[in-house]
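Trainee: Chains C and G are the protein sequences, given in the same order. All the letters of the first sequence, read from the start, carry residue numbers 1 to 227 under UniProt numbering. All the letters of the second sequence, read from the start, carry residue numbers 1 to 445 under UniProt numbering.
Everything labelled a hint here was simulated from the structure, so no lab data went into it. We put the beta carbon where it would ideally sit given N, CA and C, even for glycine. Incorrect hints may have been included.
If you anchor each label on the Cβ, the simulated ranges turn out as follows [stated by the list, open to error]:
#1 D154(C) to K345(G): 44 to 54 Å
#2 N406(G) to R12(C): 37 to 47 Å
#3 R27(G) to R12(C): 34 to 44 Å
#4 F219(C) to E271(G): 39 to 49 Å
#5 H80(G) to V20(C): 13 to 23 Å
#6 E179(C) to D35(G): 29 to 39 Å
#7 H80(G) to E7(C): 39 to 49 Å
#8 R12(C) to E71(G): 33 to 43 Å
#9 R306(G) to R12(C): 36 to 46 Å
#10 G194(G) to E186(C): 50 to 60 Å
#11 H80(G) to D154(C): 37 to 47 Å
#12 G105(C) to G194(G): 36 to 46 Å
Anything over 12 Å on all C-beta distances counts as not near chain C; from chain G, calculated [unchecked claim]:
#13 R220
#14 S307
#15 A402
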Amino acid sequence: MQTFDLEQNGLRALNKALQVTDPASNQTAWEVVNARGSHAIAVGLDAPIEVTVRGSTGYYCGGMNKQATITIDGSAGPGTGENMMSGKIVIEGDASQYLGATAHGGLIVVKGNAASRCGISMKGVDIVVHGNVGHMSAFMAQSGNLVVCGDAGDALGDSCYEARFFVRGKVKSLGADCEKKEMRPEHIEILTRLLAEAGCDAKPEEFTRYGSARKLYNFDVDNAAAY
Amino acid sequence: MTDKKIPMTLPRQSATFTNEVNSEIRRAAATGIYDIRGGGAKRRVPNFDDLLFMGASISRYPLEGYREKCETSVTIGGLHAENPIELDIPITIAGMSFGALSGPAKEALGRGASAAGTSTTTGDGGMTPEERGHSTKLVYQYLPSRYGMNPDDLRKADAIEIVVGQGAKPGGGGMLLGQKISDRVAEMRNLPKGIDQRSACRHPDWTGPDDLEIKILELREITGWKVPIYVKVAGARPYYDTTLAIKAGADAIVLDGMQGGTAATQDVFIEHVGQPTLAIIRPAVQALQDLGMHRKVQLILSGGIRSGADVAKAMALGADAVSIGTAAMIAIGDNDPKWEAEYQKLGSTTGAYDDWHEGRDPAGITTQDPELEKRLDPIEGGRRLRNYLKVMTLEAQTIARACGKNHLHNLEPEDLVALTMEAAAMAQVPLAGTEWWPGKPGSSF
């Protein structure tokens, strides 16, 4: 495993090294030390490499990730995994706001809690939060799955499109055009897979599914009060 | 007894309740929904027509037309980027999305811009291979919706433009109505076909200038600090927005006035929110000068630019370049009189057609209808745009030479006078025939 001291060598050198790592080499595992809440750590990666960041990270760790597996051995700042395309991000602690914003693919796992707007405008990513999520989570979520093993805050799934939300605990309130949905076998199957991939031992049967009521998909003046 | 004819007072139309106003009241009453349309502000606002160049005199000698050189090139983004954009002319093509515009229209814009030696810009919907392929210099917009955003396309871009606002609708998002959501548009945006697609009004993962600085850092790290990063703002608070964008690390500021077009938004928004292009340039230039960044961070002005005279005036007031959207569409065939019969069937007329959101554009530009799209030949459209850009450049050079300037960037406010008090105040140049403008330092007005 390569060890990179971020404080000593700087962010540009880190991202440059990670972005050019040859997956066929024997240097595909990296450990980043002295992260100290730095922003934009391990962004724009595009290879099946493994990066472990020791300590907490600032904004946008793992932004636009493709293929790489990034583990944050601490808590993560705002916008972690934003616009991720594929790969995996595991946050051992808590995640700040905008987790996985607009992300297209891959899996993001939060072992603790995630703050507000978790999964905002998500476009295909899967997010599993072992704890709770804050208000306005999955706002304008387009596709993908958000799994919340704890509780969800206010306005879950507000103005969502085709994304699915699975919540084991309580939902403080649902956002505009978000409703409770029937949990069909295919949803149990999806949930079982995601919980297993996220290392979570919760039972799929304990969850409730939510999604779009699809009443606001085309503008209708009679729905104006809902906006 | 004979009939006595009583003279009648002519019917008097109200200046407040005009026929146009009344028709909108009736339309609103019938439908219950506000009017949505494309384009920019149609109302008359103080604009570049209210300024004049003085030309040469005994104290200023001119350059010889067609003989003495007048440079037009501009470099954008040299402050932080390894590969700044070098343009032959200071007129760029503004961001317009595939989705709002047809594929052939985007191709025509790319062809025309490339032939004229300038850049074109993606829009809210991602980058298409056709657009990339036909654009030698392509600016990739980074918008709140992030529709189609991905790191591969980001790295294919020659510059990145973070869009904070748009002159037609400062503080507003957008809506691409379901009728324009073809299979391809739906796929690019990860949304079902046929539903209205909302473009958010603010970015999902940052708010405020401190966050913007970090967002710019992230984008630079992803793209290896190679390409310039622009920040586009609406003409709302130009001094402070320019200041904050510079502080956040922008390489260039794109400043869009209220005459700038949109694919679709509420008419009330277009006509009543934002400031005229003429009013926003001087505060932005002042911000650049106060920070010692004028000509280091480039200012690109947009919103109702139509001619070489407008280009020259914008540059005289301190812009490094301008950007055109509506004018470029007209150049490739939008609102062309040859479609008058069809405009009338749609309840409009040549020059007034603005229902770009409906996807029924007779010119085949603001549509995703496969049959209508065929009406625009992208090669011919590209040629027309190139011609238009060349004419604008020649016009601007003509004026610059007459003012004795060997580069468009050497034009200055001292070359201008204003025809109206409003224009004098906004442009901070003297009212014609005087040495004075409202708000001039040391004046008592």
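Trainee: Hint by hint, note whether the structure agrees.
Mentor: Evaluated hints:
{"no.": "1", "hint": "D154(C) to K345(G): 44 to 54 Å", "result": "holds, 49 Å"}
{"no.": "2", "hint": "N406(G) to R12(C): 37 to 47 Å", "result": "holds, 40 Å"}
{"no.": "3", "hint": "R27(G) to R12(C): 34 to 44 Å", "result": "violated, 57 Å"}
{"no.": "4", "hint": "F219(C) to E271(G): 39 to 49 Å", "result": "violated, 20 Å"}
{"no.": "5", "hint": "H80(G) to V20(C): 13 to 23 Å", "result": "holds, 21 Å"}
{"no.": "6", "hint": "E179(C) to D35(G): 29 to 39 Å", "result": "holds, 32 Å"}
{"no.": "7", "hint": "H80(G) to E7(C): 39 to 49 Å", "result": "violated, 23 Å"}
{"no.": "8", "hint": "R12(C) to E71(G): 33 to 43 Å", "result": "holds, 35 Å"}
{"no.": "9", "hint": "R306(G) to R12(C): 36 to 46 Å", "result": "holds, 43 Å"}
{"no.": "10", "hint": "G194(G) to E186(C): 50 to 60 Å", "result": "violated, 24 Å"}
{"no.": "11", "hint": "H80(G) to D154(C): 37 to 47 Å", "result": "holds, 40 Å"}
{"no.": "12", "hint": "G105(C) to G194(G): 36 to 46 Å", "result": "violated, 24 Å"}
{"no.": "13", "hint": "R220", "result": "violated, 8 Å"}
{"no.": "14", "hint": "S307", "result": "holds, 37 Å"}
{"no.": "15", "hint": "A402", "result": "holds, 48 Å"}
Violated hints, in rising order: 3, 4, 7, 10, 12 and 13; the structure is consistent with all others.
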